[in-house]
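Participant: Below are the chains, spelled out letter by letter.
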Amino acid sequence: MFFNQERGQWLFKLITSIGIISIIGFIITGNVLGIVCLFSNPTLANTLFGIALFCPATFILFASLFSLIYGGYTMISDNGDGRKFGQGLLLTKKSIMAILITGTFILLSDVTLLNVPFGRHLLFSYSFLLLLLFCSSQVYIGWLAIPEEDRYARFIALLKEILPIQFQEEWLGDLQEKYHQLIKEGIPRWKVYFITLLTGLGLILSYLWLKADKFVSRWMTRA
Amino acid sequence: MKKNQDSIFDLSPKEEAVLTSVFYRERYGLEIIEAVKEASGGKIKLGFGSLYPTLHKLEEKGYLEARWGDETPEERGGARRRYYRITGLGVKVLAQKKQFLDDLAGWEPAWGGV
Chain A
1 MFFNQERGQW
11 LFKLITSIGI
21 ISIIGFIITG
31 NVLGIVCLFS
41 NPTLANTLFG
51 IALFCPATFI
61 LFASLFSLIY
71 GGYTMISDNG
81 DGRKFGQGLL
91 LTKKSIMAIL
101 ITGTFILLSD
111 VTLLNVPFGR
121 HLLFSYSFLL
131 LLLFCSSQVY
141 IGWLAIPEED
151 RYARFIALLK
161 EILPIQFQEE
171 WLGDLQEKYH
181 QLIKEGIPRW
191 KVYFITLLTG
201 LGLILSYLWL
211 KADKFVSRWM
221 TRA
Chain B
1 MKKNQDSIFD
11 LSPKEEAVLT
21 SVFYRERYGL
31 EIIEAVKEAS
41 GGKIKLGFGS
51 LYPTLHKLEE
61 KGYLEARWGD
71 ETPEERGGAR
81 RRYYRITGLG
91 VKVLAQKKQF
101 LDDLAGWEPA
111 WGGV
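Residue numbers (this note's numbering), protein chains in the order written: chain A, 1 to 223; chain B, 1 to 114.
Don't take every hint at face value.
[Unchecked claim] With a cut-off of at most 30 Å between alpha-carbon atoms, the simulated DSSO-like pairs for lysine-lysine come out as follows:
{"#": "1", "chain 1": "B", "residue 1": "Lys97", "chain 2": "B", "residue 2": "Lys43"}
{"#": "2", "chain 1": "B", "residue 1": "Lys14", "chain 2": "B", "residue 2": "Lys98"}
{"#": "3", "chain 1": "A", "residue 1": "Lys160", "chain 2": "B", "residue 2": "Lys14"}
{"#": "4", "chain 1": "B", "residue 1": "Lys57", "chain 2": "A", "residue 2": "Lys94"}
{"#": "5", "chain 1": "B", "residue 1": "Lys37", "chain 2": "B", "residue 2": "Lys97"}
{"#": "6", "chain 1": "B", "residue 1": "Lys97", "chain 2": "A", "residue 2": "Lys191"}
{"#": "7", "chain 1": "B", "residue 1": "Lys98", "chain 2": "B", "residue 2": "Lys45"}
{"#": "8", "chain 1": "B", "residue 1": "Lys61", "chain 2": "A", "residue 2": "Lys94"}
{"#": "9", "chain 1": "B", "residue 1": "Lys92", "chain 2": "A", "residue 2": "Lys214"}
{"#": "10", "chain 1": "A", "residue 1": "Lys191", "chain 2": "B", "residue 2": "Lys98"}
{"#": "11", "chain 1": "A", "residue 1": "Lys211", "chain 2": "A", "residue 2": "Lys160"}
{"#": "12", "chain 1": "A", "residue 1": "Lys184", "chain 2": "A", "residue 2": "Lys94"}
{"#": "13", "chain 1": "B", "residue 1": "Lys37", "chain 2": "B", "residue 2": "Lys92"}
{"#": "14", "chain 1": "A", "residue 1": "Lys214", "chain 2": "B", "residue 2": "Lys45"}
{"#": "15", "chain 1": "A", "residue 1": "Lys84", "chain 2": "A", "residue 2": "Lys214"}
{"#": "16", "chain 1": "B", "residue 1": "Lys98", "chain 2": "A", "residue 2": "Lys93"}
{"#": "17", "chain 1": "B", "residue 1": "Lys61", "chain 2": "A", "residue 2": "Lys160"}
[To be verified] Derived CB-CB ranges, DEER-like:
{"#": "18", "chain 1": "A", "residue 1": "Ala157", "chain 2": "B", "residue 2": "Gly106", "range": "42 to 52 Å"}
{"#": "19", "chain 1": "B", "residue 1": "Ser12", "chain 2": "A", "residue 2": "Ile24", "range": "30 to 40 Å"}
{"#": "20", "chain 1": "A", "residue 1": "Leu90", "chain 2": "B", "residue 2": "Glu74", "range": "25 to 35 Å"}
{"#": "21", "chain 1": "A", "residue 1": "Gln87", "chain 2": "B", "residue 2": "Lys43", "range": "30 to 40 Å"}
{"#": "22", "chain 1": "A", "residue 1": "Asn79", "chain 2": "B", "residue 2": "Gly41", "range": "52 to 62 Å"}
[Said to hold, decoys possible] A few chain A residues that don't get close to chain B, going by computed Cβ distances all over 12 Å:
{"#": "23", "residue": "Ser17"}
{"#": "24", "residue": "Ile23"}
{"#": "25", "residue": "Thr29"}
{"#": "26", "residue": "Leu48"}
{"#": "27", "residue": "Phe62"}
{"#": "28", "residue": "Ser77"}
{"#": "29", "residue": "Gly80"}
{"#": "30", "residue": "Thr104"}
{"#": "31", "residue": "Phe105"}
{"#": "32", "residue": "Ile156"}
{"#": "33", "residue": "Phe167"}
{"#": "34", "residue": "Leu172"}
{"#": "35", "residue": "Gly173"}
{"#": "36", "residue": "Ile204"}
{"#": "37", "residue": "Asp213"}
If you're looking for bench data, these hints aren't it; they were derived computationally from the structure.
Computed from a predicted model, the values in this text were never measured in an experiment.
Here a beta-carbon is modelled for each residue, glycine too, at the ideal position from N, C-alpha and C.
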């Protein structure tokens, strides 16, 4: 089995690392291309946009990258009581969130406001996504080798790591109830797992929506 | 006052469906999804991705209130259900919307036609 062998575990870690590095590469390349375009077409609007939004976003992006690395280091250097691991995990989660938000902003700015040539963007930046897709497919193939029940338990455990504790009882409870309902209805296992996977992704979307909504309303209140 | 007048336009179709689903009795998340799906003959499918943000918005607007259920079913892994029910304000907004649609359907120009 993929995860039960030491080699499989290392392969999984390697593939996950390449996946994370490719996301970071994807975002950084997009950022560098944006900055090049910002300074090669110095109009007043571009300069103002750069000073007010793009450069701060770049700063946040790099600070989040450092914080992500520090979070990972804190997790590894846990002495067994789980305290440092928890702190590191929280830091890592917040960093990933910040990277995703600022990264998306930068990539959208590149192709809309800064007129970064899409072909070049595609070549340099989006090529990292192909690497990410490859890694994801490898992890998915690995997951297929796990018994069905374990796969479900692992998925719920993963969601517990991602979703904040105040939503877990209601959201994951509903998800588990739906899972058992589908099994009772006699739907094939692979289909049940697929529906559960999509539903789980829906829960992550809900969480991101709530987070973004809170952020926007706080920002509007301040403004 | 203006907020109150605008509140019927503040309801999206999804919010209206969720609010109506808890009009006569309190329901929990999964039950609301099932109710909307069954009542629409399977034409409207609310996903988990849109249900919880909708419930959250309705709760924030004061149209819904929630309570934790006492039972801890085994198929939920021991997790309690969170039941939602419509508030007085929610009932009022739904009634206002229905009244508005009825008035709109029956409206006739005072000058006898366009």
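Participant: Now look at each hint and say whether the structure bears it out.
Facilitator: Tested hints:
1. Lys97(B) to Lys43(B): With Cα atoms ~23 Å apart, Lys97(B) and Lys43(B) stay inside 30 Å; holds.
2. Lys14(B) to Lys98(B): Cα-Cα ~16 Å, so holds.
3. Lys160(A) to Lys14(B): holds, 28 Å
4. Lys57(B) to Lys94(A): This hinted pair holds, its Cα atoms lying about 24 Å apart.
5. Lys37(B) to Lys97(B): Between Lys37(B) and Lys97(B) the Cα gap is close to 22 Å, so the pair holds against 30 Å.
6. Lys97(B) to Lys191(A): Violated. Lys97(B) to Lys191(A) sits at ~40 Å, over the 30 Å cutoff.
7. Lys98(B) to Lys45(B): Given that 30 Å is the threshold and the Cα spacing comes to 23 Å, the pair holds.
8. Lys61(B) to Lys94(A): This hinted pair holds, its Cα atoms lying about 29 Å apart.
9. Lys92(B) to Lys214(A): holds, 27 Å
10. Lys191(A) to Lys98(B): violated, 40 Å
11. Lys211(A) to Lys160(A): Satisfied, since the Cα-Cα distance of roughly 17 Å is no more than 30 Å.
12. Lys184(A) to Lys94(A): violated, 38 Å
13. Lys37(B) to Lys92(B): holds, 25 Å
14. Lys214(A) to Lys45(B): With Cα atoms ~26 Å apart, Lys214(A) and Lys45(B) stay inside 30 Å; holds.
15. Lys84(A) to Lys214(A): Given that 30 Å is the threshold and the Cα spacing comes to 28 Å, the pair holds.
16. Lys98(B) to Lys93(A): violated, 45 Å
17. Lys61(B) to Lys160(A): Distance ~28 Å between Lys61(B) and Lys160(A) Cα, so the pair holds.
18. Ala157(A) to Gly106(B): 42 to 52 Å: Since Ala157(A) and Gly106(B) have Cβ atoms about 57 Å apart, the given range 42 to 52 Å is violated.
19. Ser12(B) to Ile24(A): 30 to 40 Å: holds, 37 Å
20. Leu90(A) to Glu74(B): 25 to 35 Å: holds, 31 Å
21. Gln87(A) to Lys43(B): 30 to 40 Å: violated, 48 Å
22. Asn79(A) to Gly41(B): 52 to 62 Å: Roughly 59 Å apart at Cβ, these two residues keep to the hinted range, so it holds.
23. Ser17: holds, 29 Å
24. Ile23: It holds; Ile23(A) is separated from chain B by about 22 Å at its closest Cβ, greater than 12 Å.
25. Thr29: The claim holds: Thr29(A) sits with its nearest Cβ about 30 Å from chain B, beyond 12 Å.
26. Leu48: holds, 34 Å
27. Phe62: Non-interface label on Phe62(A) holds, nearest chain B Cβ at 31 Å vs cutoff 12 Å.
28. Ser77: Given a closest Cβ separation of 33 Å, the condition holds.
29. Gly80: It holds; Gly80(A) is separated from chain B by about 28 Å at its closest Cβ, greater than 12 Å.
30. Thr104: For Thr104(A), whose nearest Cβ neighbour in chain B is about 18 Å away, the distance exceeds 12 Å, so it holds.
31. Phe105: holds, 21 Å
32. Ile156: The claim is violated: Ile156(A) sits with its nearest Cβ about 8 Å from chain B, within 12 Å.
33. Phe167: violated, 8 Å
34. Leu172: violated, 7 Å
35. Gly173: violated, 3 Å
36. Ile204: violated, 8 Å
37. Asp213: Its Cβ does come within 12 Å of chain B, the nearest being 7 Å, so this is violated.
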